[in-house]
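Peer 1: Each protein sequence line maps, in turn, to chains P and G. So in my numbering, spot 8 of the first sequence is number 262, and the numbers just go up one at a time. So in my numbering, spot 255 of the second sequence is number 274, and the numbers just go up one at a time.
Treat the hints as calculated values from the structure; they're not laboratory data. Hints are not guaranteed to be accurate.
[To be verified] Straight-line Cα separation of at most 25 Å, DMTMM-like style, residue types lysine to aspartate or glutamate; simulated pairs:
id: 1; chain 1: P; residue 1: K390; chain 2: G; residue 2: E218
id: 2; chain 1: G; residue 1: K211; chain 2: P; residue 2: E313
id: 3; chain 1: G; residue 1: K227; chain 2: P; residue 2: E272
id: 4; chain 1: G; residue 1: K227; chain 2: P; residue 2: D508
id: 5; chain 1: P; residue 1: K343; chain 2: G; residue 2: E131
id: 6; chain 1: G; residue 1: K31; chain 2: P; residue 2: D316
id: 7; chain 1: G; residue 1: K89; chain 2: P; residue 2: D314
id: 8; chain 1: P; residue 1: K343; chain 2: G; residue 2: E218
id: 9; chain 1: G; residue 1: K211; chain 2: P; residue 2: E419
id: 10; chain 1: P; residue 1: K390; chain 2: G; residue 2: E131
id: 11; chain 1: P; residue 1: K390; chain 2: G; residue 2: D76
id: 12; chain 1: G; residue 1: K133; chain 2: P; residue 2: E329
id: 13; chain 1: P; residue 1: K343; chain 2: G; residue 2: E210
id: 14; chain 1: G; residue 1: K89; chain 2: P; residue 2: D316
id: 15; chain 1: P; residue 1: K413; chain 2: G; residue 2: E91
id: 16; chain 1: G; residue 1: K92; chain 2: P; residue 2: D326
id: 17; chain 1: P; residue 1: K343; chain 2: P; residue 2: E419
id: 18; chain 1: G; residue 1: K268; chain 2: G; residue 2: E91
id: 19; chain 1: P; residue 1: K343; chain 2: G; residue 2: D213
id: 20; chain 1: G; residue 1: K134; chain 2: P; residue 2: E272
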Amino acid sequence: MTDLLEIEHATKRFATPEGHHITALDDVSLSVGENEFLTLLGPSGCGKTTLLRAISGFEDLDSGMIRIDGNDVSEWPAHQRPVNTVFQKYALFPHLSVARNVAYSLEIARTPKQEIQTRVGEMLELVGLDGFGGRKITQLSGGQQQRVALARSLIARPKILLLDEPLSALDKNLRHKMQQELKSLQDEIGISFVFVTHDQEEALTMSDRIAVLAHGKIQQLGSPEDLYRRPSSIFVAEFLGGNNMFDGHVATCDAHDARLDLTLGQSVAVPKRNLTEGQAIKLLIRPEDVIINAPNVSGGLTFTGTVSETYFVGTDYQLVVNIPNADPMRVTTRIGFAQAPTIGADITLTVPTDAIHVIADKAA
Amino acid sequence: MWKPNSLAQRRKLMLFGLLTPPTIFLAIFFIVPLGIMIVYSFLEPGLYGGVVWTFSDLNYGRILGWADSKYEKFDPVYLGIMLTSVRLAGLTVLSTLFICYPAAFWISRMNEEKKNIFLFLITLPFFVSLVVRLFAWVLILRPTGFLNQALTGMGLVNAPLEIIYTDLAVIIGMTYVFIPFMFLPLYASVEKLDMSLIEASADLGATKLQTFRRVILPATLPGIVGGSIIVFIPALGNFIVPSILGGAKVLMIGNLIEQQFLSARNWPFGAALGMMVMGSVLFLLIYYVKLLSREDQTAEAN
């Protein structure tokens with residue numbers, strides 16, 4: 255195996271003070287390759303932080319195995335594992351200067367003074383904190399502290415860098431900037447990142463692959479495009495951005511296509527994949543895939559309705575369109591100022607066939 | 020009359036009004052008696068107590084080495100007592116630290132409710148008179164006391180241990196008395212310690228011992244030093260504990276001062292001894308402040 259990090263059947267239960275048991279990790283298996291950016295995405299309490307802490311060695315698994323670079327590290331204490339963590343609140347040592355914070359792991363490893371100095375200098379330069387070595391931690395802004403934490407974790411040249419929601423304490427603009435910096439830094443130094451976040455946008459922006467977690471289980475693991483375009487469950491679809499969903503069932507199937515009947519009355523043909531006749535399904539349509547007032551319609555789905563709300567969000571308009579007998583449909587569209595839809599206007603919504611995604615409705 | 024019209028002026032006036040009474044109170048009841056003691060320490064004792072208004076540095080001479088050659092030879096006994104006091108107070112600091120440091124960690128990790136109960140228990144001894152509590156220790160430590168009966172009863176010792184009226188009894192007593200003083204500042208700094216720092220240290224490769232030395236100890240050092248000072252100062256001048264638990268055998272500087280003022284009626288000498296205690300404490304404090312500011316400077320210089 256060439257995978258850097260392999261997790262097999264990781265299971266972890268916690269006892270709550272009330273005597274209940276919470277399953278934080280339920281038979282989780284995944285692997286991270288060399289130079290890969292993997293994101294663990296999920297709502298709070300989904301087990302993503304527990305998984306990260308299990309990798310870094312702060313949480314013991316009830317069962318399962320963690321291998322780093324081919325070695326079973328399940329029994330290794332945290333300080334021996336070849337991974338480093340960027341903590342959510344940075345956990346910088348307040349009694350040490352910036353340089354001493356960054357140098358910490360090298361000092362522990364008794365690296366020669368000369369080398370420490372050189373490497374700390376390089377590291378501070380890499381994260382853009384040249385000349386900040388003598389500062390106190392308390393004299394730094396949130397973004398600068400973030401960079402110190404990053405430098406401190408990277409200086410020991412870990413095989414894998416673990417990041418526990420490191421950007422959640424930053425304001426929005428800084429967060430976007432740091433997202434891009436983190437990604438390019440990862441490309442530059444070429445190590446694997448395991449990144450924990452509950453922010454789906456952040457996950458989509460930065461990751462090579464995303465593992466969506468809920469209730470201690472991996473719901474779906476795949477590339478950002480995969481997850482966004484082809485979610486395997488309603489949960490994943492809803493967690494990754496806005497959605498329009500329509501109930502229906504598979505009416506007929508032939509060799510290549512399946513004809514779906516919507517409860518609203520429309521029907522549409524889609525590639526068959528693994529659909530079977532009579533199966534209950536949900537249709538997923540992303541708001542930005544809807545075309546409004548298309549001149550010539552062929553294939554796909556068409557809805558008519560009235561605009562009930564409009565929001566201008568800078569680049570786009572977001573519309574809420576009331577459709578008879580269905581939930582209001584959300585539409586994101588980039589139209590010129592002059593064509594801005596007005597509330598109350600009748601509108602035709604068209605969805606091309608390739609923008610329709612079918613999810614097997616397990617609930618039904 | 021001056022009328023305050025801006026908000027800042029009104030605030031100034033209010034502060035002035037609030038701060039004046041305590042300032043006057045402190046000036047009268049702290050600075051003035053201290054001044055009296057300083058002046059007395061340079062006077063000659065009266066025959067039946069009180070002072071004779073003649074300048075004399077012999078009170079300090081008796082302690083430090085230039086005794087009045089007419090009456091006596093220099094005897095280092097007072098320096099010896101001073102050193103004994105420093106030693107006993109120092110050991111008290113160490114033993115309270117030894118007990119309170121782990122206890123502070125233990126209590127700071129409890130849930131709110133338990134924490135409050137334990138913090139209350141720590142301060143509980145304050146509700147009973149000090150003398151009563153110390154006599155309870157006499158009952159525990161004396162040869163026929165609880166401790167010795169328990170030890171002989173269990174067959175751990177053959178003859179009762181001679182604990183009471185020794186240095187050990189004084190240290191036990193002072194440790195008992197000063198535990199709350201050590202605990203509270205220690206607890207304050209331990210409570211503030213961020214657990215994620217300990218994890219970060221382990222994450223960066225440090226063993227538990229290295230983490231303790233490099234992170235936990237420096238982060239809680241202000242509490243350790245603060246608690247040590249708060250215990251050391253009253254322990255150094257303490258006279259109740261040594262007089263009850265040390266009997267006639269253990270003489271601390273506090274007892275000596277008490278004797279000079281009450282039995283020997285040598286106020287100037289007592290005052291001089293008091294000044295010596297104060298001087299050494301001041302010296303320690305100045306050293307501590309210097310140490311702290313130097314640490315700040317090195318942190319910035321690095």
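Peer 1: Failing hints, ascending?
Peer 2: 3, 4, 6, 7, 10, 11, 12, 14, 15, 16
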